Structures are given as structure tokens and as C-alpha cells.
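Chemist: Combine the two chains into a complex, taking the hints into account.
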Amino acid sequence: MQLTLGAITATLVPLGAAQAAEKIKVGLMLPYTGTYAALGTAITNGFKQYVTEQGGKLGGYEVEYFVVDDESDPSKATENASKLVKRDSVDVLVGTVHSGVALAMAKVARDTKTLLIIPNAGADELTGPLCAPNVFRSSFSAWQPAYAMGKIVAERGHKNVVTVSWKYSFGEQSVAGFKEAFEKAGGKVAKELYLPFPNVEFQPFLTEIASLKPDAVFVFFAGGGAVKFVKDYDAAGLKKSIPLYGSGFLTDGTVDAMGGSGEGLLTTLHYADNLTNPKDQSFRKAYALSYKMQPDVYAVQGYDAAQMLKSGLDGLKGGKFDKDAVAKAMEPAKIDSPRGAFTLSKAHNPVQDIYLRKVEGRDNKLVSVAEKGLADPARGCRM
Amino acid sequence: MDFVSFLIQVLNSLQYGLLLFLVASGLTLVFGIMGIINLAHGSFYMIGAYLAFALTSMTGNLMLSIALGIPLAFAFGALLEWALFSHLYKRDHLEQVLLTYGLILIFEELRSLAVGDEVHGVSIPALFSASIPLSDNLSYPVYRIVISVVCLALAGGLYFLIQRTRLGMMIRAGSHDRDMVKALGIDINLLYRTVFALGVALAALAGMLAAPISSVYPGMGSSVLIISFVIVVIGGVGSVWGALVAALVIGFADTFGKVLLPDLAGLMVYLVMALVLLWRPEGIFRKA
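Just so you know, the sequences run in chain order A and B.
At position 25 of the first sequence (counting the first as 1) the number is 25 in our numbering, and the numbers step up by one without a gap.
At position 214 of the second sequence (counting the first as 1) the number is 214 in our numbering, and the numbers step up by one without a gap.
This is chain B alone, in the form it adopts within the complex (with noise of 0.2 Å):
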């Protein structure tokens, strides 16, 4: 691999790790500080993808969808938690797993009948449409790059939310000891909606962000959602930080794989994982 192509396969690993990385924060955040394991977290991904696409088809826009999309995964994130998911966080494990193995049932289920199991495209932006020529015939899309600098942005905002601001002191908080967290006074159900919705509206966001460059397809959350568990395994459940680094360990693990050792790309991702729990069998981050 000459230098020119190393330098293009970096941004390509950079870009899928954060991408990836999006989605898995919502979901390490949920695990690690509320306990639950959600296996529909893939849906949400789907569902923002679907989002953009009915919302881009009305509106022509896909800024403006993402702008209408945010508030309306974050709302439904809320009315999830307090119909749903409230009641599981007594529950064991296994419980968890039956309810939202079922929610992807249903939610695949809705999508079907609400816009049918075809395949759909949604254009980028006219603002972000150009490439940018990398090498003599081999140009990288803006739309890539705006990617991933919004998801930097948001990583940015995620670890100042949680490590500066008295939201996060009581997110940390309440991972640790719920009770203690309610004997002082907090509305620790509110603090568990205002998560559960944030992780909601992460992966909806990502699914938005990522439709027009990897289309809209049924059943598009399912290989997201195990690439998530993986990512929030290695790096240390409940840690933001970690999500992060792992993403992008996942990230270059499978680019420079599939390039490489093309026999193993398939592996590639859970030699990875497999290793780093050997090493520390916590991940890299322990929980916050």
C-alpha cells in the first residue's frame, strides 16, 4: 500500500469509527448507567435513516429534516422510557433482552407497513455534495468529512455534558448508587428519561447522518447494533470516553482488515475484541 493510500484508508477508518461511535455512546450510556441492555438500540439507528428519508421526501432538506428529526427521537425516546423501559430497571438481564428483542420484531414490523421493505436513497445536501480530489482518480465526499467533524462535535459536547455540567454530576451519580442519588432530592426517573432519550436521539441522529451515504434499507439497525456491543464492551460499559476510543479501534481494525488480510475481514472485528479483553477484561475504560 502506497503512502498516498495509507493516508486515504486513515480517514476512511477515522470516519466509520465515528460514525460507530455515535450510536454506541447512546447505547454505553444506557447499559452502563441504567442497567439496561437494550437490543433495539440498532432499531433507533434504522428508524432516524427511515426518519430522514419520510422527513427529507417532505421537507426537500435533510438539515432541516436532522433539525425536525432530533426532537422528535428525543420525545420518543421519553415516551419509550416511561411506557416501557421504566419497568425494567428492576428486572433481570434476561427480561431486558426478551422486551427489546421484541421491540425489533415490532419496530421492523411498523416500518414495514408504514413504508414498505423497499430500498430508499436520500441525497446529501447540495451544500455538501462536491469531493475533494485525493489522489489522481480517487476523490474522498465532503459529505464524509461533515460527518466526521459533527461527530467530533458531538463527542466534544457528550464528555462536557457529562464531566461539566450538574446533569452529568447526577448521571454519574446515579450509575453508582440510585437510592442515595433519590434520598438527595433528585428526580432520578426524570434523570433516567432525560438518558434513555438522550441515547435515543444519538442513534436516530446517526442513522439520520449516515442515510444518504449508506441508504435506507430494512433491517439496517441489526449489523450496527452488534458492531455497538462490541464497541461498548471494549471500551468499558458505561464509559463515553471509551465508546470513543474503541469506535475508533473498531474502526481502523476493520478498514485496514478488509485491505490486508481480506481472508479474515469478516473476523477481523471480534480478534480485536477478543484481545483487548484478554488485556483487560474491563475494557480499556472501566465505567465512570
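Here chain A stands alone, though its shape is the one from the complex (with noise of 0.2 Å):
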């Protein structure tokens, strides 16, 4: 309803200056459906969070949303993006969770000149090879937790690893980013599994590992993917011979479903469920209160990037939109997250502290800071 109605005032009412300098349009592009719909919803939530924190504004501009489902389907992402942009013709872009749609919506906001703030998908390339002035991450970039793990797992004395992924740009990312720590610390990668997103077959592989017989595995997986592999491995036995690493995605919003099976998992991410600092208590109290659940790394990432937002808005200092004077003042901006305050690095890409976390009961319980500050190399980027 929301998206009709923004629709037709868009084309039929001709806003004049005064009005346009006091509302900014944000074009939610996000899945609704499918395997990653629970990530989306809660981008969205956190994202609506921090603008109803703010009276319904931010920045002093009113927030009027339009919103489409991607699917996670990167073929249709460049028409969705393109719609947002042309016929909806928002001032700013959010989006989205499958990296291989990142892409094409990242390439949209460079040949539009769009802002984008990408609250999720953490294709290296994003803030690498395609980075751009206006465009933003508010999450991750596939090498920075894989990268840490890769140093913890050589800590905890494994030499010999077996990495599954699904094969598609951010999973074969955050391999790439655990070998990289693994192996300059003297690991080696035996083998390098991967299927197809969104197969879950993995039996095939549960039994090749078993055969192979590493010290330990490294595996990408989220969603529905997660529950079925870490369940499945663990029926197969292989959870008490040959420990299971992951980042954290594995066990992000899935531990629930796994029912006992993901136990005692170890995982990497820039958040974890039991931080201490006052802003992500505040967070989580609220966000428990108006959606009826407690919120996940996905709500905190959607969060932040309405902070971004807003630290951009402030530079604007109430005139007319001007998405350079946006970006300039996001640049330098210190967000406050519940994840712990973060900047952004050259690439526009958050430069934050990885945990390592443990799986207990319900929760990914903080086991420790795995890296400080750890900025993602951001190779290729020129800017």
C-alpha cells in the first residue's frame, strides 16, 4: 500500500522545493520471501527502529518508505533497483542481503549517482574493486570475520581444515578470507567444498569429510542452510571427532531451529548477544518491545545504517537534498551501534571489532575480542 501510494504522489503531485527539502525517500530493496525473508524483515525492523527513535524523522526530514521484495534473485535485481530508482525515484537506496544482488544493485547506484547503503551482503567487492563515493555499507565485508577465524582456528592448533560453502560470491569470499588468516599462520586448506545456493543436499558431503579426515572445518552457511548443515552434521557423528568453525551467520537467528545441535559452536561476527555496552541494552529493550522478538545482528546492521543516514541528513543541516553533502558528511561519521561504535574505513566500509562468540542455550555468548578495529583490506578500491 505504501509502495502504491508513493507511486502515484511521485508521478501526480510535483513537489515543490519547500516540501521536497523536508522529507527524504528510502527505498527499502530487500527479500521478503524466501530463504533470507527473516533477514530482510529484520533489516527493516532496525531500520524502522532508529527512525521511530527519532520521532518518525531523520535528520529533521520525514521518512516516507518504499519497499520491494528482491527475492534474492540477482536477475531480476537490476530491474528492482531501476524501478526504485526511476519510477519511485528515491533519494536513497537500502539494500540488501544476497550479495550476488548487491552487485547489480551497487552498479545501479553508480551509473544513477543513487546513494546506497548496503545493510548486509557482504561482498568483498562492494567496498573493494566497486567502491564508489555514494556507496555505503553499514555491515561487513565477507573477509573480515572469515579473517579472524582463520587466525583463531591456527590458534586453537588445527593445521589441517576442510572448508564447505555455498558457491556464490560471499561464500567463496569468506573461504578466501579464512585461508588467507589460516594459511599465513601456517595452516593448510585441504579441500574447499562447494554447492550451489540454495541446495541443502549436503550429505554427500558430510561423508566426503569423514573420509578426509581434517582437524577441523570451516564452513559458510545462514539460514535454513545453517540449521540443516550444523543438524546434519552433528547426526552424522562428525561433531565430536572433527570441531566445527564457522562466522557467524552460521548461528545467527538459527540456533533456536537447531535444537540442541549447534551447541558449543564457536563463530565470528561484529556482534554478539550478550554485549555490555549501554546503547545495545537500550537497543535490544526496544526492539524486543515493539516486534515481540529479540533482535539479531540483521536488526542491528539495519539499525546502523538508518544512523548512517542520519549522520549524512545532519550535514545537509535542513536544505535541499544533495547526495554529495550526504556522503561527505557519513564519511567521517562515528556511529554509536549496539555492535560496539564504529567508523568507516576509506572504502566506506565499517571498521570494527570481530568477536568470537560461543554458542549456549539460545544465545551467541561473547567469548572474547577476536580482533580489534580490524578494517577490511579493501583491495582494489580507488578512491
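Rather than coming from a laboratory, the hints here were simulated on the basis of the structure.
Everything numeric in this text was worked out from a predicted model, so none of it was measured.
Some clues are possibly wrong.
[Claimed, not checked] If you want the footprint, here are the derived chain B segments under chain A, 3+ residues with CB under 8 Å:
#1 2 to 9
#2 120 to 126
#3 139 to 150
#4 156 to 165
#5 190 to 199
#6 251 to 262
C-beta atoms are modelled at their ideal positions from N, C-alpha and C, and glycine is treated no differently.
Modeler: This is how it looks when you write it as C-alpha cells:
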């Protein structure tokens, strides 16, 4: 409904300059169906929570939403993003979860010079070779948590590791980040196993892992695939003999469904369930009140996308929307995130602490800080 | 690959193939006998999984939930046939595709409203929760063997139903000549309704059986749907026997493809389909 009304207003009512200065059009392009539906919803909730906390306004601008379900389908991504930019003429694009879709969105953002804030997708390119003055990320790069885990696994004395992941950019880059740190510390990745997204028939891989007998296994999966992998790994009896490690997406929002199979798993991420900073405590309380569920890292990333946008809009000082000025004001911002405060790298990716967490009951409990203020190397970014 | 791993991979292939058969058998019946392209068939698999989740949270017992779920799914199928699909027999395939695609969207939306978009787990019944050690560090979950046995029994049951019973005879006749069957005084509408409901019940049963091992999540029907169509096409449209053979072929191709040719894993199933269709354009088994 919001979408139709917005579209009609956009086409029929010519906006006066005064009016334009009071409103900001935000295009939320996120998955609301499919494997990543829950993630899209959490990001949206987080974003809207911050806007609500600000009295429905960001930096004095009333927020109007235009919502598109991207279905995590890269083949529809360009069309969906163009629709938001051209038909709805949004001022800023916010999206998305799936890296393949986000890469297409970044292309549209570059071509049309639209401001883009990526609240999840971690493809390294987005703040690497494809970095741009108008492209920002509120989440992480695939490299960050995986790199931190590579160091941890090596420190724990494992020498020989098998990796398993979906074969798409995020999965491959997670494996590459892990491998970089792990092999630098003297370890060896014996075999990299991949399966097509969102395929979840893991049984053949478990047999293969059992016959390769590595010291440990590093995986990237999220959502339904993560639940299934961990349950299968446990049911196959591998959990007892070969420790399993992953970047945090494996156990975020999925622990309940794992029904105990996840207990004790170690993962790395830029968020944990029992951080003690006051920002996180007030955030969690408000989120639980509004949405009747506990927030997760995705909700935090949505919340921070809105915070980043506010920092940018503050730079306008109530004047007419100007994306260059917004981007300029966003760059030096210090974001007071529930994950702990972070700043942005030159390539517009968060410079943040990566935590080592352990699954205990329903939570990803903080064990230690795996890497303090870890910045993505942003290889290939010229900006 | 050593011999033990090879044998275990064979077991993996059989289990995966048999589960796929359960979904594809209903699809091939409805497609082959009633001539309906039903894109919503994967949704019935998803509905089955969610039904298992919902009923198990109420009853605490998966087997009881399945016993309750099968008649529910059958009734749901009959209702759908009466309300929607019965109007589609004389329409062309494009209209069938449109309606059934619309149904996918409606089912996903209803699912989202009813149970939300989270991932859920269903626990394996205590009776089958053990594992059998196969090599020094790998065990095979008993529940997966149970699934294979149930699927095999159902394959046998379906074969008996279609080849040896009066209902089966009518089903076979109905697939060849609808008007002649009608002229013989058989209630063709009731017959179709039964076949459709049976197809829905089979897909839902597959979803219920798979729920503990696959977990329950939004959109889980779509990948199963695509692979089921591949199986129906390879097996020969309308042939339940063909669906069984094709499902096993796909089970083996997918399992061994993943391990031996990991780079082609995503393509394997389609390569097999292309090869089979070059060899037999109408599928391995023609229409019964």
C-alpha cells in the first residue's frame, strides 16, 4: 500500500522545493520471501526502529518508504533497483542481503549516482574494486569475520582444514578470507567444497569430510541452510570428532531451530548476544518491545544503516537534499552502534571489532574479542 | 574415494533419490493423467513440512503428526481441486501456469502470516534418533534409513494401486480418454479429485518426513519443485515407475557429482537431463 501511494504521489504531485526539503524517500530493497526473508524483515525492523526513535524523522527529514521484495534473485535485481530509482525517484537505496543482488544494486547506484547503503551483503567487491563515493555499507565485508576466524582456528592448534560453502561470491570470499589468515599462520586448507545456492543436500559432503579426516571444518551457511548443515553434521556423528567453525551467520537467528545441535559452536562476527554496552541494552529492550522478538545482527545492521543516513542528513542542515553533501557528512561519522561504536574506512566499510562467540542455549555468547578494530583491506578500491 | 565411502555415498544417493521420488510421483500423476502443469506442487511439500512443525509442537510426536497430517493434506487437495483445478482441465497450459504460480505466492504469503519467516526445526522421533556407525568417524542416522524404507514402501503401494486395482485401472483409462471413461459411467470428476488429492498428500508427506532432516524454512518448496519437474521429464510424463527410476538417477548424479566433479555440481542434474532426453526424447518410460 505504501508502495502504491508513494508511486502515485511521486508521479502526480509535483513537489515544491520547500516540500522536498522536508521529506526523504528511502527505497528498501530487501528479501521478504525465500531463504533470507527473516533477514530482510530484521533489517527493515531495525531501520524503522531507529527512525521511530528519532520521532519518525532522520535529521529533520520525514521518511517515506518505498519497499521492494528482491527475492534474493540476482536476475531481477537490476530491474528492481532501477524501478526504485527511476519510477519512485528515491533519494537513497537501502539493500540488500544477497551479495549477487547487492552487486547489481551497486551498479545501478553508480550509473544513476544514487546513494546506496548496504545493510548486509558482504561481497568484498562492494567496498573493494567497486567502491564509490555514493556506496556505503553498515554491515561488514565477507573477509572480516572469516579472516578473524582463520587466526582463531590456527591458534587453537588445527593444521589441516576442510571448508564447505555455497558457491556464490559471499561464500567463496568467506573461504578466501579464512584461508588467508589460516595459511599465514601456518595451516593448510586441504579441500574446498562448494554447492550451489540455496541447495541443502549436504549428506555427500559429510561422507567426504569423514573420509578426508581433517583437524577441523570451516563453513559458511546462513538461514535454513545453516540449520540443516549443523543438524546433519551432528547427526552424522562428526561434531564429536571434527570441530566445526564458521563465521557468525551460521548461528545467528538459527540456534533455536538447530535444537541443541549447535551447542558449543564457535563463530566470529561483529556482534554477540550479551554485549554489555548501554547502547546495546537500550536497543535490545526497545526492539523486543516493538517486534515481540529478540534482535539479531541483521536488525543491528538495519538500525545502523538508518544511523549512518542520519549522520549524512545532518550534514545538510535542513537544506535541499544533495547526495554529495550527504555522502561527505557520512564519511567521518562515528556510529554509536549496539555492536560497539565504529567508524568507516576510506572505502566506506565499517572498521569494527570482531568477536569470538560460543553458542550457549539460545545465545551466541561473547568469548573474547578476536580482532580489535579490524578494517577490510579494500583491495582494488581506487577512491 | 575408498570403498567404504563409495558405499556410503550409494546410501546417500538412494535416500535422496527416494525422497525426491515421493514429491515427483504426485507431480507426474497430476501432470500425466489430468494434463495439468502444477507449479504449486513444491508448495505442497513446504506445507507438509510446516504442518509437521505445527502439529508436532501441539502433539509432541512426529509420527502422530504425520498420521494426522496425511488426511488433512488429502482433504486440502480435494478442496483445492474442487475450488480451482477442476476449472483448468480444458484450459491451455499458460493459464495453468499462471494460476499455479499465483498459488505459490498466495501459499508463501499465508505461511508468512500464519507462522512467520523464521527457520524452524522439528526433532527426530526418539525411536529413530540413533545413528549407525559406518566408518571410524561417520555414522548414518537411522531416521534417514526410515525415510528410505517408507518411500520404497510407498513406491510399491503406488505401483500396486495403479497396476492392480480397479481405481488404478480407471486412472490409467482416464489418462488416455476422458470422454470414453465418462461414457462408461465412471464419475470422472471424482476420479480426478482423488488423483489430485493423492498427489497433494504425497508431496505433503514428503515434506513432513523431510522436516526433521531438512529443517523448515520459507521458500523450501521451490528447489524441490524444479528438481521434481526434471524427474518427471526424464522419467516420462505420467509414469510413476519412470519417476522412481529418474529420481534415483538424479539422486546418484547429484551425490556423486558433488564429490567427484564439485565444479559441475550445480549443472550435474541438468546435464543428466539433457543426455537422457537426447537418448529418449519422451523420457525413459513413456506414458503408461
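Chemist: Taking the earlier hints as the rules, which of them does this structure contradict?
Modeler: Structure breaks hints 4, 5.
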